[in-house]
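Generate the whole structure from the sequences, applying the supplied hints.
For reference, the chains in residue letters:
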Amino acid sequence: MFLGRVIGRVVCTRKAEGLEGVALQIVQRLDEAMHDLGTPFVACDTAQSGLGDVVFLEDGREGCYALPVFLVPVDAVILGHVEEVTVPDRGIAWREAR
Amino acid sequence: MLFARVVGTVWSTQKDEKLGAFKFLLLKQLDQKNQPVNAYVVAVDAVGAGVGEVVLYATGSSARQTKQTEGKPVDATIIAIVDSWDVDGEIVFRKDEAT
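From first to last, the protein sequence lines are chains G and F.
FYI, our numbering numbers position 77 of the first sequence as 327, with every residue one higher than the one before it.
FYI, our numbering numbers position 11 of the second sequence as 67, with every residue one higher than the one before it.
These are computed hints drawn from the structure, not numbers from a lab.
All figures in this text were calculated on a predicted structure; none of them were measured in a lab.
All residues carry an ideal CB built from backbone N, CA and C; glycine is no exception.
Don't take each hint at face value.
[Said to hold, decoys possible] Computed list of chain F residues with no C-beta within reach of chain G, every gap over 12 angstroms: (1) V63; (2) T65; (3) Q70; (4) E73; (5) G76.
[As the list claims (entries may be wrong)] Label pairs and their calculated CB-CB ranges: (6) G:W344 x F:V98: 38 to 48 angstroms; (7) F:N94 x G:G330: 30 to 40 angstroms; (8) F:A95 x G:A283: 25 to 35 angstroms; (9) F:S68 x G:G300: 39 to 49 angstroms; (10) F:G76 x G:A343: 50 to 60 angstroms; (11) F:A77 x G:P338: 48 to 58 angstroms; (12) G:T263 x F:G76: 28 to 38 angstroms; (13) G:P338 x F:D152: 47 to 57 angstroms; (14) G:I342 x F:A77: 45 to 55 angstroms; (15) G:P338 x F:V98: 46 to 56 angstroms; (16) G:R348 x F:K79: 19 to 29 angstroms; (17) G:M284 x F:N94: 22 to 32 angstroms; (18) G:G310 x F:V98: 19 to 29 angstroms; (19) G:G341 x F:D144: 27 to 37 angstroms.
[Said to hold, decoys possible] Covered stretches of chain F (in silico footprint by chain G; criterion: 3 or more residues with CB under 8 angstroms from a CB of chain G, positions within the stretch not fixed): (20) 95-106; (21) 110-120.
Written out as structure tokens, the structure is:
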């Protein structure tokens, strides 16, 4: 799994079978110091994420276990919302602004 | 998943027999700003996309996660036709405006 920030939303009325009602978000991958890493991509969302939320995700088809239907052609899934990240030996302590 | 525009079709009569009934589309990858990325992909179509449409596609083993592609040598499948998307609250693409 890895960290990401939700930067946008995608609306698609016609989707592959099994993806009905599943939200699609645009995500920017983050490193442990909350810096952007690589280029944005689209992920299914199981955590009702909002714009700017930091989340953790899974790529590959393992993420499909978190979706209502497993047999769906999905290669990235948001699994949860992140409130805090700490990496003591690197002096990293990030906390979600309330 | 990644954004792409369907730019063409790929016809092949001589191919692995497991790929028998598939419709292949040629995709030009787009970034989140709707700008072309220098990458083409041949993908199996699972939603009836047409040339010119903007789609989402999945890659790797996830592409085999449909009834049609399960157990087949496929690594890119179109999973949705995009109506619109926004980044940082700004609409970047809207199908009817074909931006």
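Is the nearest CB of chain G more than 12 angstroms from the CB of F:T65? holds (18 angstroms)
Does the beta carbon distance between F:N94 and G:G330 stay inside 30 to 40 angstroms, or does it fall outside? With a Cβ separation near 34 angstroms, F:N94 and G:G330 satisfy 30 to 40 angstroms, so the hint holds.
Determine whether the Cβ-Cβ distance between G:I342 and F:A77 falls within the hinted range of 45 to 55 angstroms. holds (51 angstroms)
Given a hint of 47 to 57 angstroms, does the C-beta separation of G:P338 and F:D152 actually sit inside it? holds (51 angstroms)
Under a C-beta cut-off of less than 8 angstroms, do 3 or more residues of the segment 95-106 of chain F approach chain G closely enough to confirm the stated coverage? The restraint on the segment 95-106 of chain F holds, since 3 of its residues have a Cβ under 8 angstroms from chain G and three suffice.
Claimed clearance of chain G by F:G76, with the beta carbon kept past 12 angstroms: holds (19 angstroms)
Coverage of the segment 110-120 of chain F by chain G (three or more Cβ within 8 angstroms): holds (count 8)
CB-CB spacing for G:G300 and F:S68 relative to the 39 to 49 angstroms hint: holds (44 angstroms)
Is the hinted range of 19 to 29 angstroms satisfied by the C-beta distance from G:R348 to F:K79? Since the Cβ atoms of G:R348 and F:K79 sit about 50 angstroms apart, the hinted range of 19 to 29 angstroms is violated.
Mind verifying the non-interface call on F:V63? Its CB should be farther than 12 angstroms from each CB in chain G. Since the minimum Cβ distance to chain G is about 19 angstroms, F:V63 lies beyond 12 angstroms and the statement holds.
F:V98 and G:P338 - C-beta distance against the hinted 46 to 56 angstroms: holds (47 angstroms)
Look at the Cβ atoms of G:G310 and F:V98 and judge whether their distance stays inside 19 to 29 angstroms. Holds, since G:G310 and F:V98 (Cβ atoms, about 21 angstroms apart) stay within the stated range.
The structure does not agree with numbered hint 16 stated previously, though it agrees with all others.
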